[in-house]
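*Asks:* Using the hints, position chain C against chain S.
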Amino acid sequence: MKNQRRVRQLRPDNPKQTIMRLFSYFKFNKQEFFIGILFIMFGAIAQIGANSMLSPIIDTLIEDHDRGQFIKYLLIMVLFVLIIAMGQYIGNLSMARLAQRTIHKLREEMFSHMEKLPISFFDINSHGELMSTFTNDIDMLNQSLEQSVSQIIISIITVTGTFIMMLYISPLLTGIVVIMLAVMLTSVRFVGKRSAKNFRNQQAQLANMNGYIEEMMSGQKVVKVFNYEDRAIAEFEKKNEDLRKSSTNASTFGVMLMPIMGKVNGFKSIEHTVCSFSWSRENI
Amino acid sequence: MKKLLPYMRKYLPYAILSPILMILEVFSDIAIPYLMSRIVDIGIENRDIDYVIRVGIIMIIAAILGIFFGVLSSYAGAKAGYGFASEIRFQTFKKVQGFSFANLDNFSVASLITRLTNDCNTIGQVTMMSLRMAIRAPFMMIFALIMAVTINASLAKVFLISLPLTVITITVVAIKARPLFLKFQTKVDKVNAIIRENLTAIGVVKSFNRQKHEENRFMERNDDLMDTALKAISMIVFLMPVLNLIIYSTIIAVLWFGGQQVVLGSMGRGELISFITYITQIMMSLMMMSMFFMQLLRGIASKDRILEVWDTDSEIKEIENPIKEVVDGSIEFENISFRYPGSKDCILRNINFEINTGEVIGIIGSTGSSKSSLVQLIPRLYDATDGTVRVSGVDVKDYGIEELRDNVAFVLQQNTLFSGTIRENMKWGNEGASDDLIIQALKQAQAWEFVSKYEDGLDHLVEQGGGNFSGGQRQRLTIARALMKNPKIIILDDSTSAVDMTTDAKIQKAFREELKDVTTIIIAQRISSILNADRILVMHEGEIESLGSHEELLKISAIYKEIYESQEKGVIRE
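Protein chains in written order, with this note's numbering: chain S, 1289 to 1572; chain C, -13 to 560.
Everything labelled a hint here was simulated from the structure, so no lab data went into it. Note that the structure is a prediction, hence the values are computed from the model and not measured. Idealized CB from N, CA, C, for every residue including glycine. Mixed in with the good hints, there may be bad ones.
A short, non-exhaustive set of chain C residues, derived as facing chain S with CB atoms under 10 Å [said to hold, decoys possible]:
1) 5
2) 75
3) 76
4) 204
5) 233
6) 241
7) 398
So that you can see chain S by itself, here it is in the shape it has in the complex (with noise of 0.2 Å):
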């Protein structure tokens, strides 16, 4: 709470600051967060290997009948595979336990911290605000610390190493996959800002929404010796109207990204058939 801006604000201006951040609360935790991120690690690059064990398998039952050979590469497949659950397991583990035990620790010196902080302090921050950074806050804290690092480390593994064997096995379709995800990002960014106007408005009015009914239910004993319950319905109403418009509206544009990913992802399958039939026919 060093700087009450930070409270007012309910989605982070620089994501790269934010992100520096994430990583500097990491410290209470050294060994897990190391030991997270390496099994994490293992298991993305065990998904690669597991993946591209497909071609060879084949190709060794088809073109070689070596069974032998066969039985090996399966082997090695297995191994994979028992690297990636174990990857997935304990990474995901330790990067759970990292955060509830980093957030744990982050309530607590914010609790303290408070404690400590003059009565003024009180006076000049709404109760609502403050109450909103211990819950709010904390809460996309977890879930970035939860989800968001492993995800970056296994997208950043998955793509440079998906993009090395598709080099490794034909530089030609990898050149079209490259031309195809540029088009597809460019018309995600497109959607996207579109969206991100839509997504300011939606927080706002999500924010007003929730200052009002924090507001309502700290006084609603209040509310009830004024007779004042209609008169708050009807107010209520018109708010959640409000939002219920402006949330739907920023996350029609959200959710639209969802059809075009899911489309270069099955573009990306059809690479991969392509991939291992066209390394098929060049072993002929």
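*Replies:* Frame of chain S; chain C shown alone:
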């Protein structure tokens, strides 16, 4: 779910449209690999460029159509999901508005807020996902399964093992994780409750030097929360690796058995490759379902928490054909005993006394002597466990609740103001009040002296909770707000504790002189606040110790005398 579903009605067309469009998208997704295999098998095999281009164009059209349907489906899904969430949120809010004080005591404020915000949002998101993912995944799976069986029925037998195994894994994790997630949420509420307590009462914590104690209390709950979270996580983390293990085992089995068949010549090479593609598709759908299912767990936990609110009913009920008019401000307590709902101990016993209309009654007693509990029975914030409370000679239970509370103004200890202008806050007591009326009330509560100093006067902004006013100012504003009701009875529950003595005396004077007909009950810690009351009630451990004027009490009440002397000494020392 049955209880929630009717609130989907308004968005039903979207809720139906979204899955239909989704299925169309799935068709496109399944057509693309098929067309691709045609390109490979026929086009490339025969080196027929025309064929490749022709089928390639069809493939691109299929992809564009798929995106089109997919986007429409997203739109319909978002509309249905968020619409549903907003209906649920509204119903929940309405329900809470009907809560009694006892209901509000049961649910902490923090938990009500999470229910209205996070839980409602989760329900919306899960609905959206259900409409899309829960339809897409099974369809993809069934279609890919059909393709796999068509290619090689004997090889497809592997699914007889791998599919049930997957379902069992998911079910086991589901059954084990669900109670953990429910527990997790209650722990979150507990942590939030203590943060909220400390935020609202930081002054008290500091003045009693209880920081260390509060920190320890917090740490205990925080540890508890982490332990529960870790348990829930170790369950969930299990899912992905096990599913991956099943997927790859299936692929390996297919390679092994299919490999034998290829060697024997009973299966083609292309067939084996496409078979493996279908395995990935089937298993991807299963993964998607398990992802959806994790979301569903969250959704169910949220649903349960929402229903907890919906299933709670206020025990304060209006009778049929209630009396709508409160004639005067006389009050009568007859054989009252009271305990808080759910608690065993009676905190009020044998209360019998009458208050005449227009009388000023002071109530004093040690903390825990149930002064507040006693007066809360008058506007039916709680109902007496036994006995009858009468206002103007009529049992309070026979009045319409709204009429009763309009005539009995209650200034709570929790002196919350709401964000908006001072005028808006004053209008809580009387929606159509003129500025003159507001200023009159502010003057009576001695609040006008500081409000009039603001340049923007009644338009001066109040921050959430009234944080931009001092405690004393806040108390005076809340008294004025209560006066706006033009009540027959006004109850001040320790409402001048932060007001300085001189101003306090002015408020007493205004009440005596300008609100002669209003029955006034003042609960106070300071004897000076009730010194001039017509009668003073001394409470001790839930019973009336004595009743009389200041002079009388000094003679007959040991407790009163003790309080008086200790406070007198305090004044002299000051």
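*Asks:* Taking the earlier hints as the rules, which of them does this structure contradict?
*Replies:* Of the numbered hints, just 1 does not hold.
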